[in-house]
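Novice: Now for the letters of each chain:
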Amino acid sequence: GNSVTQMEGPVTLSEEAFLTINCTYTATGYPSLFWYVQYPGEGLQLLLKATKADDKGSNKGFEATYRKETTSFHLEKGSVQVSDSAVYFCALSSSGSARQLTFGSGTQLTVLP
Amino acid sequence: DSGVTQTPKHLITATGQRVTLRCSPRSGDLSVYWYQQSLDQGLQFLIQYYNGEERAKGNILERFSAQQFPDLHSELNLSSLELGDSALYFCASSVGASGGSYEQYFGPGTRLTVT
Numbered sequence: 178g179n180s181v182t183q184m185e186g187p188v189t190l191s192e193e194a195f196l197t198i199n200c201t202y203t204a205t206g207y208p209s210l211f212w213y214v215q216y217p218g219e220g221l222q223l224l225l226k227a228t229k230a231d232d233k234g235s236n237k238g239f240e241a242t243y244r245k246e247t248t249s250f251h252l253e254k255g256s257v258q259v260s261d262s263a264v265y266f267c268a269l270s271s272s273g274s275a276r277q278l279t280f281g282s283g284t285q286l287t288v289l290p
Numbered sequence: 611d612s613g614v615t616q617t618p619k620h621l622i623t624a625t626g627q628r629v630t631l632r633c634s635p636r637s638g639d640l641s642v643y644w645y646q647q648s649l650d651q652g653l654q655f656l657i658q659y660y661n662g663e664e665r666a667k668g669n670i671l672e673r674f675s676a677q678q679f680p681d682l683h684s685e686l687n688l689s690s691l692e693l694g695d696s697a698l699y700f701c702a703s704s705v706g707a708s709g710g711s712y713e714q715y716f717g718p719g720t721r722l723t724v725t
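Heads up: the protein sequence lines correspond to chains L and U, in order.
Note that the numbering used here has the first sequence beginning at 178, numbered continuously upward.
Note that the numbering used here has the second sequence beginning at 611, numbered continuously upward.
Treat the hints with care, as some may be off.
Claimed, not checked - Examples of chain L residues lying across from chain U (beta carbon under 7 Å, computed):
no., residue
1, Tyr-216
2, Gly-220
3, Leu-224
4, Leu-225
5, Lys-229
6, Arg-276
7, Gln-277
I should point out that these hints are in silico values taken from the structure, not numbers from a laboratory.
Ideal placement from N, C-alpha and C gives every residue a C-beta, glycine not left out.
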């Protein structure tokens, strides 16, 4: 079945530091890949997505590239801000007839001023 | 604001009881998904409806059921509640059910506490 493995947290960085959160997946076919962010007390917000190999998703300074050869979708940001403190979830939806999301365990990011 | 609404925001009930969680999808979205978020299990897919029909089932207990109505809102019914059912329940919606990327947009969630 499908699975997503995410870097264990929590991650604590200083403002303006470089961020990488690792994500690898196992899936049949050609899944779509997503990063969602969850701020305290809120629901999940779609951060970025990629639908095929070598696609790069980007939004709000965050980027992730769909790497089929390494089955990875690592999230990066060049300079984090305090406001980026949240839980980040990597997810995939399979290419079959149903499109439910399979999530990683989430990575808590705290950015200190 | 994702455009997906969920009510109630919080629910506290006792073991053995039954509750109903409600979700209204974004305007134009035909597909509704339910997810459960708990500390021990993480985020798990429960069930999906597309235009009133059940489309996919995940790790949904037999005590749980859902439906999608003609106006496309959905309800998740949880019965014979146990302490372990305490969790955050999210609804998400998307335009379609299969094909393409069809990203899902999540509601704010209903926090269920079973005492």
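Novice: Taking the hints in turn, state whether each one holds.
Specialist: Results of checking the hints against the structure:
{"no.": "1", "hint": "Tyr-216", "in the structure": "11 Å, violated"}
{"no.": "2", "hint": "Gly-220", "in the structure": "4 Å, holds"}
{"no.": "3", "hint": "Leu-224", "in the structure": "11 Å, violated"}
{"no.": "4", "hint": "Leu-225", "in the structure": "10 Å, violated"}
{"no.": "5", "hint": "Lys-229", "in the structure": "9 Å, violated"}
{"no.": "6", "hint": "Arg-276", "in the structure": "5 Å, holds"}
{"no.": "7", "hint": "Gln-277", "in the structure": "4 Å, holds"}
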